[in-house]
Amino acid sequence: ETGVTQSPTHLIKTRGQQVTLRCSSQSGHNTVSWYQQALGQGPQFIFQYYREEENGRGNFPPRFSGLQFPNYSSELNVNALELDDSALYLCASSSKERGQETQYFGPGTRLLVL
Amino acid sequence: AQSVSQHNHHVILSEAASLELGCNYSYGGTVNLFWYVQYPGQHLQLLLKYFSGDPLVKGIKGFEAEFIKSKFSFNLRKPSVQWSDTAEYFCAVNPFGNEKLTFGTGTRLTIIP
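Protein chains in written order, with my numbering: chain A, 159 to 272; chain B, 12 to 124.
Next up, chain A with everything else stripped away, as it sits in the complex:
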């Protein structure tokens, strides 16, 4: 157990809808990263939040957005859902230390878009 929790565990949406996924970081961690893991693939970096600001973004369109709260928990929002958004969404928390950062992952939210 890493102490990183995510909700919900599973979600079914239809194309065009919007979804919000939530993540609580491990105690003592101030950084949250989000990843998308399609079936049979490795996780792909979406973005990272550090002290409530976006701190780096991968190759995902603007309809993927996020927030980080003062308690370091985070949300991932996806607008205008597409079928290809079906995936496991992973949250990872970490603490920035002199460029050496270890990310600890939560169990993920499995999203199915119909």
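Possibly wrong hints are sitting among the right ones.
Said to hold, decoys possible - Calculated pairs, DSSO-like style, for lysine-lysine (alpha carbon to alpha carbon, straight line, at most 30 Å):
hint: 1; chain 1: B; residue 1: LYS60; chain 2: B; residue 2: LYS82
hint: 2; chain 1: B; residue 1: LYS80; chain 2: A; residue 2: LYS254
hint: 3; chain 1: B; residue 1: LYS69; chain 2: B; residue 2: LYS111
hint: 4; chain 1: B; residue 1: LYS72; chain 2: B; residue 2: LYS111
hint: 5; chain 1: B; residue 1: LYS60; chain 2: A; residue 2: LYS254
hint: 6; chain 1: A; residue 1: LYS254; chain 2: B; residue 2: LYS72
hint: 7; chain 1: A; residue 1: LYS254; chain 2: B; residue 2: LYS111
hint: 8; chain 1: A; residue 1: LYS171; chain 2: B; residue 2: LYS111
hint: 9; chain 1: B; residue 1: LYS80; chain 2: B; residue 2: LYS111
hint: 10; chain 1: B; residue 1: LYS60; chain 2: B; residue 2: LYS72
hint: 11; chain 1: B; residue 1: LYS111; chain 2: B; residue 2: LYS60
hint: 12; chain 1: A; residue 1: LYS171; chain 2: B; residue 2: LYS69
hint: 13; chain 1: A; residue 1: LYS254; chain 2: B; residue 2: LYS69
hint: 14; chain 1: B; residue 1: LYS111; chain 2: B; residue 2: LYS82
hint: 15; chain 1: B; residue 1: LYS60; chain 2: B; residue 2: LYS80
None of these hints come from the bench; they were simulated from the model.
Fit chain B to the known structure of chain A by using the hints.
Quick look at chain B alone, frame taken from chain A:
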């Protein structure tokens, strides 16, 4: 942009066999290197990591990995596997000071009792 290659997509071994999973990355600067494991039905767990120093790092459950800078490699090894090692293994890299962790496509390891 950095990339990570895991050439073994599916490895099948008998219990007590030795294991080596390949990982190569493309990035010219200083990197941090990781191996994560995903057991069936469980979340990604950190197996081991390399930041600097001794290029041979030891992780949990008897796993180790060797960083060979000249070959841009970070192969995972275990001298004697167990049935419980059946899982998906991911190699990941991020440049020093960069937040983006780049993963390989993973290697599925199946251990036959």
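Earlier hints that do not hold, by number: 12
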